[in-house]
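Asker: Each chain is listed here by its residues.
Number of protein chains: 2
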Amino acid sequence: MKLVFLWLLLFVFTFSATTFGALNKTPRLSLINRSLKDPNAVSATVSKDLQVFFYNQTLDHFNFNPESYATFPQRYFINFKWWGGAKTHAPIIVYLGAEGPIDRDIEILGFFTENAPGFNALLVYIEHRFYGESNPVESSGDPDSVEAMAKSVKNETLRGYFNSAQALADYAEILVHLKKKLHAHKSPIIVVGGSYGGMLASWFRLKYPHIALGALASSAPILYFNNLTPQDGYYSIVTKDFKEASVNCYNTIKKSWNEIDRVASMPEGLAILSQKFKTCSPLKDSFELTDFLNSMYAGAAQYNAPPKYPTTRICNGIDEASNAPDILDRIFAGVVAYQPNKTCYNMTSEVSQTSIGWQWQVCSEMVIPIGITSNVSMFPSSPYNVQEFIDDCKKMVLEDISNSILAVKTTEGSHCLDILNSKKTDPDWLIKQRTEEVNIISRWLRKYYRNLGVSKE
Amino acid sequence: MKLVFLWLLLFVFTFSATTFGALNKTPRLSLINRSLKDPNAVSATVSKDLQVFFYNQTLDHFNFNPESYATFPQRYFINFKWWGGAKTHAPIIVYLGAEGPIDRDIEILGFFTENAPGFNALLVYIEHRFYGESNPVESSGDPDSVEAMAKSVKNETLRGYFNSAQALADYAEILVHLKKKLHAHKSPIIVVGGSYGGMLASWFRLKYPHIALGALASSAPILYFNNLTPQDGYYSIVTKDFKEASVNCYNTIKKSWNEIDRVASMPEGLAILSQKFKTCSPLKDSFELTDFLNSMYAGAAQYNAPPKYPTTRICNGIDEASNAPDILDRIFAGVVAYQPNKTCYNMTSEVSQTSIGWQWQVCSEMVIPIGITSNVSMFPSSPYNVQEFIDDCKKMVLEDISNSILAVKTTEGSHCLDILNSKKTDPDWLIKQRTEEVNIISRWLRKYYRNLGVSKE
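Line order of the protein sequences matches chains E and S. Each residue of the first sequence is one higher than the one before, starting from 10 at the first, in my numbering. Each residue of the second sequence is one higher than the one before, starting from 10 at the first, in my numbering.
In short, the hints are calculated from the structure, not lab data. There could be a bad hint or two in this list.
Which copy is meant is left open, so a pair is good if it fits within one copy or across any two.
Restricting the straight-line Cα-Cα distance to at most 30 Å, the calculated cross-link-like pairs of lysine-lysine (BS3-like) are [said to hold, decoys possible]:
| id | residue 1 | residue 2 |
| --- | --- | --- |
| 1 | K163 | K456 |
| 2 | K216 | K418 |
| 3 | K190 | K418 |
| 4 | K216 | K190 |
| 5 | K160 | K293 |
| 6 | K189 | K432 |
Just chain E, with the same shape it has in the complex (with noise of 0.2 Å):
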């Protein structure tokens, strides 16, 4: 059930809509996995005191042509419930939105109403360019529209202003407005975000000293990029969990992609394997299933949450089963495990605001090497395509950069969950990891407050 969880540096994707095997593999960064929901989750205290704003986007932060001045409505959330207000300099503390609309994410992030209160803090939820109600392209209304974001990401000149440049940007002009509005010139701010939202946050930190004071970047893969982390980090650490929650379950898994492909080969060998996984549609390609199955223990490890832990929970499924003759039954029974109660698996990747949007940054900017090359991965081999090695291994081992840039390590862990709402059910390591988080943020305050005494008051 443990797991190596490296909070600020940690290999967190899983794939969608993309055939498992392939080389452009498209890593997905969401908070939660949406694919399971949790009810136990203690609801977010999302009272009236939310409030919701659009703000006049500048499209093009970085340069002087004609387009560049347009602007569109950006949406972002205040909840003023909180906030010690301007007068006593009380902090801003700023959601920077990711890869989805926001709405969902203001719901979970408990990190937020849980240390509101104690920080006297605004709380502040910006939503990214392009998704949601914050998308150039003509919004419906619904921030969920799956046509707005295929419109833009067609669009060959609005899609060059879908990056990450400009997202901060965004972020930076939105909330030197809001200490103008709120003249809150003297509220320090802390930037938080999670997965592809806390590369923004360490980002931000770094390109816009002067407007966030720190930053809290929960579960971001920073390093994960060309030359810095080894291409098979993020699966090398998925096989990790599965064969710490059970030997026999990671053999069974190992050992299974091969019986997938024979008997794919074989005459009627898709309706056999679409029988035996209950598939809602007939299988059309072996790839379907190999990709569906790939998504689950990539998911299931990367949001291996307590009290759960659904790679214990899929494990139990197969060892349950250690009887059955076929391997693919075994399988099965780890699917149902961590899914049951269903009449059939949908094997098709859903398409959503995400995985379109996501796409492009993936395509365009967002280039995450993962492969698959070693042999004791209980996948299959799929080398990512890069001309050279990649060297510096050291760099999987977390540590303090500077002083000033800390690292919070767990030795468990799950996707982002530090930031998430709290449960009743919440092990030590967790409750500790947030008060450890909570406490550095506190030292920067107090420190920033001891410093705005001395110097300016």
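Model the placement of chain S on the given structure of chain E, informed by the hints.
Answerer: Quick look at chain S alone, frame taken from chain E:
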């Protein structure tokens, strides 16, 4: 002869290509006052080791539009003569080109060639995009081509990419490329710039801290933007310089503007003024004369370098003519003292790459509000047209901004003189200023190599 010279934060502009009194004044920020050549300068050691290169530069670093991927050749120079080499991780000192062709800058930047031996440093000089031979418009091969610049700023789309954020990203890309090419991954980089180039150096260290270990910003008015520095800043120091040179001189100049206006309004007034000031062609407007005089006074103060101290020279001319009954004859005596032995004086601004290019940069981005509102100014009132008053007068007092942002102050000074070629006649304060700058950089490098030794080797 004394003037308060605020290194790092000085108000360091002359006007060009605009009429005096116009609201949209165009500051120019060159290293030297090109209207006055100084043959006494010790020639820089431009050796055969200086090689020219062209980098295939990305037009748009911040977007992924089809045209973003366009490239243009960007010129840079490397001087290998004194470099200790990649194996010893010897440092790289980089000049960030500013608003003009880089050729002449290289010749006069004594700071580089004089300190390279002591630092065992590689010297790199990178030309700013759109200037010299680094213009995305097809170049004629003439680095001073006014036509190429005029063409590019007329191109609505192309000129959009002519800005500081893109220029900084250019430098980052070339430096990353260079370190790779030279296998100099552990060679620390110090960036240096003067005036606008000094602002670029400051901003480069801020935005690319992973590339530059430190920055030397010579005479860089980084805080002369809206709400940070009073609009009178620049001209109040020009006035102060002249008052310190001679109170009589100051009073004479202060009174002269009304007299020019009075004569200009007379019948044949412009002809009288043209004759009195020996203009090369008849004045079409008295603005031509007042702009000429304004530029002369401002240039003299901004580039008030030893051993000649042009403010003193002008004032000596004015004071020695104090018996002349007509105040305009006294003013003209100052002109002659400043530029002796001329058969006539050219009152019209010369059009150059810099005047055209910098005009675009000022109009699109570098909005530096300079105005004259003070009663004690020796210049006529000419308020900058901004709505809000500028309050942060304390910013005019130069202090170290932090332990790592150091201000090197001198009570005397001349624009960018610290990084230009040293001369035998250099006064003590200038030698001391240069020594202090070199010492600071030495400390950065010592600390860098100490850390490198501990953690990496």
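Asker: Checking K160 and K293: alpha-carbon separation at most 30 Å within a copy, between copies, both or neither?
Answerer: within (28 Å within a copy, 58 Å between copies)
Asker: Go through the copies and call it for K216 and K190: within, between, both or neither, with a Cα cutoff of 30 Å.
Answerer: This pair counts as both: shortest intra-copy Cα distance 23 Å, inter-copy 26 Å.
Asker: With 30 Å as the alpha-carbon cut-off, assign the pair K190 and K418 to within, between, both or neither.
Answerer: neither (38 Å within a copy, 36 Å between copies)
Asker: Cα distance capped at 30 Å. Does K216 pair with K418 within a copy, between copies, both, or neither?
Answerer: Classified as both; 25 Å inside a copy, 28 Å across copies.
Asker: Classify it for me, K189 with K432: is the Cα-Cα distance of at most 30 Å met within a copy, between copies, both or neither?
Answerer: neither (37 Å within a copy, 49 Å between copies)
Asker: Measure nothing new, just compare the shortest in-copy and cross-copy C-alpha distances for K163 and K456 to 30 Å and report within, between, both or neither.
Answerer: neither (48 Å within a copy, 50 Å between copies)
The earlier numbered hints that this structure contradicts are 1, 3 and 6.
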